[in-house]
Amino acid sequence: MDTEHILKLLPYEPPFLFVDGLSRISEEGVTGNYTFKETEYFYKGHFRNQPVTPGVILTECMAQIGVVCLGIYLLKDEITENFKPEIALTSSAVDFYLPVFPGETVTVISEKVVFRFHKLKCNVKLFNQKEELVCRGTISGMLKPKGND
Amino acid sequence: MKNEDLIAKLKTIVQPYVQDEDAFNNLSEETTFVGDLKINSANLVDIILDVEDEFDIRIENEEMEQMLSVKAAMAIVNSKIAS
Chain S
1 MDTEHILKLL PYEPPFLFVD GLSRISEEGV TGNYTFKETE YFYKGHFRNQ
51 PVTPGVILTE CMAQIGVVCL GIYLLKDEIT ENFKPEIALT SSAVDFYLPV
101 FPGETVTVIS EKVVFRFHKL KCNVKLFNQK EELVCRGTIS GMLKPKGND
Chain C
150 MKNEDLIAKL KTIVQPYVQD EDAFNNLSEE TTFVGDLKIN SANLVDIILD
200 VEDEFDIRIE NEEMEQMLSV KAAMAIVNSK IAS
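In order, the protein sequences belong to chains S and C.
The first sequence lines up with residues 1 to 149 when you count with this note's numbering.
The second sequence lines up with residues 150 to 232 when you count with this note's numbering.
Extracted from the complex, chain C is given alone in its bound form:
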């Protein structure tokens, strides 16, 4: 999947949980979910579950702990859909 397509899909998933709208409007690969978008830990779990449904993948506990930024999320999704 092309990076811009992947980011667009992630943005759609993340949007309902975002607290900082400005950070969301300026979202890049470097954006972090908790630090920049001010998403709480419970909604971070919702995002992971939505990502699993959207891409039909299963994310494990250790991977979830690494999914702190858009870039990290993209890397994990890419590794899963490629395999």
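One chain only, chain S, in its complex shape:
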């Protein structure tokens, strides 16, 4: 399963899609990136006159690349024309170190901890363009292929 196919199976749409591309994916982990556009809707209110990317959005970006993209790859043998991935975030614990401002490109690196009984748990890190660690944590989700019939 290639990157294009994985991105097509993602169940998100703008303004809540936080994956631009994947540069590496295997059974063990994934690396991907996203550029926060200056026009993102949340900058208007977070914060007033001082746009900074919210931590929950960084967490979402880590989850979309690190858990959902990887999970779709891991489910590749079960996903068919009629079976789409059904996903749910089940836990996240993230520490933050640096802010991300409008226009910055971030890289997410995720390593699989365990994938069994449709639960995927990953250690995920997010870096800025200077390759500085912005945040890291452990994120888990349930992923199942669901039929549309």
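Some clues are possibly wrong.
With a straight-line cut-off of 30 Å between C-alpha atoms, the simulated DSS-like cross-links for lysine-lysine are [unchecked claim]: (1) C:Lys187 with C:Lys220; (2) S:Lys8 with S:Lys121; (3) S:Lys121 with C:Lys158; (4) S:Lys8 with S:Lys144; (5) S:Lys144 with C:Lys151; (6) C:Lys160 with C:Lys220; (7) S:Lys130 with S:Lys112; (8) S:Lys121 with C:Lys229; (9) S:Lys37 with S:Lys130; (10) S:Lys76 with S:Lys130; (11) C:Lys151 with S:Lys44; (12) S:Lys146 with S:Lys121; (13) C:Lys187 with C:Lys229; (14) C:Lys220 with C:Lys151; (15) S:Lys84 with S:Lys130; (16) S:Lys130 with C:Lys158; (17) C:Lys187 with S:Lys121; (18) C:Lys158 with C:Lys187; (19) S:Lys112 with S:Lys44; (20) S:Lys121 with C:Lys220; (21) C:Lys220 with S:Lys8; (22) S:Lys44 with S:Lys144; (23) S:Lys146 with S:Lys84; (24) C:Lys151 with S:Lys146; (25) S:Lys121 with C:Lys160; (26) C:Lys229 with C:Lys160; (27) S:Lys84 with S:Lys112; (28) C:Lys158 with S:Lys146; (29) S:Lys112 with C:Lys151; (30) C:Lys160 with S:Lys144; (31) S:Lys144 with S:Lys112; (32) C:Lys151 with C:Lys229; (33) S:Lys44 with S:Lys146; (34) S:Lys125 with S:Lys76; (35) C:Lys220 with S:Lys144; (36) C:Lys187 with S:Lys84.
Stretch by stretch, here's where chain S covers chain C in the computed footprint (C-beta under 8 Å, at least three residues) [said to hold, decoys possible]: (37) 167–176; (38) 194–201.
Since the hints were made in silico from the structure, they are not lab data.
Virtual Cβ for every residue (Gly too), placed ideally from N, Cα, C.
Following the hints, put chain C in place on chain S, whose structure we already have.
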């Protein structure tokens, strides 16, 4: 393993994931993980993984789907450690 020893071990494993404390305090063989203890599906997986480590056994997908109650969990663990 004696039933009370097995239940005690299961209780220790299950406790961190329990949402309904009253149901946990009244835990019996008939107690169900999701219905009574209000454990979510992701934590049910954590429990299965902890049970595997505790008893040094491997639980398969079909068995996991049957492990809905304390009684069912005990039956599966007993069948595995006996073999």
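Report task. Mind checking the alpha carbons of lysine 220 of chain C and lysine 151 of chain C for me, to see if they're no more than 30 Å apart? Result -> With a Cα-Cα distance of about 13 Å, the restraint between lysine 220 of chain C and lysine 151 of chain C holds, given a limit of 30 Å.
Query raised in the report: Does lysine 229 of chain C lie within 30 Å of lysine 121 of chain S when you go C-alpha to C-alpha?
Result: Holds: lysine 121 of chain S and lysine 229 of chain C sit about 26 Å apart, inside 30 Å.
Query raised in the report: Taking only the CA atoms, is the gap from lysine 220 of chain C to lysine 8 of chain S under or equal to 30 Å?
Result: 43 Å, violated
Requested in this report: Compare the distance between the alpha carbons of lysine 146 of chain S and lysine 121 of chain S with 30 Å, and conclude whether the hinted pair is satisfied.
Outcome: 20 Å, holds
Query raised in the report: Is the Cα-Cα distance between lysine 121 of chain S and lysine 220 of chain C 30 Å or less?
Result: 28 Å, holds
Query raised in the report: Taken at face value, is the distance from the CA of lysine 229 of chain C to the CA of lysine 151 of chain C at most 30 Å?
Result: 15 Å, holds
Report task. For the pair supplied as a hint, lysine 160 of chain C and lysine 220 of chain C, confirm whether the alpha-carbon distance does not exceed 30 Å. Result -> 12 Å, holds
Query - Satisfaction of hint between lysine 158 of chain C and lysine 121 of chain S, Cα-Cα up to 30 Å - result: 25 Å, holds
Query - Given hint lysine 44 of chain S paired with lysine 151 of chain C - CA-CA distance at most 30 Å - result: 62 Å, violated
Query raised in the report: How about the segment 167–176 of chain C: do at least three of its residues have a C-beta closer than 8 Å to a C-beta of chain S?
Result: violated (count 0)
Query raised in the report: Given the hint that lysine 151 of chain C pairs with lysine 146 of chain S, does the C-alpha gap stay at or below 30 Å?
Result: 41 Å, violated
Query raised in the report: Has the given pair, lysine 84 of chain S with lysine 112 of chain S, been kept, meaning a C-alpha gap of at most 30 Å?
Result: Holds, at roughly 21 Å.
Of the numbered hints listed earlier, those contradicted by the structure are 5, 10, 11, 15, 16, 19, 21, 22, 24, 28, 29, 33 and 37.
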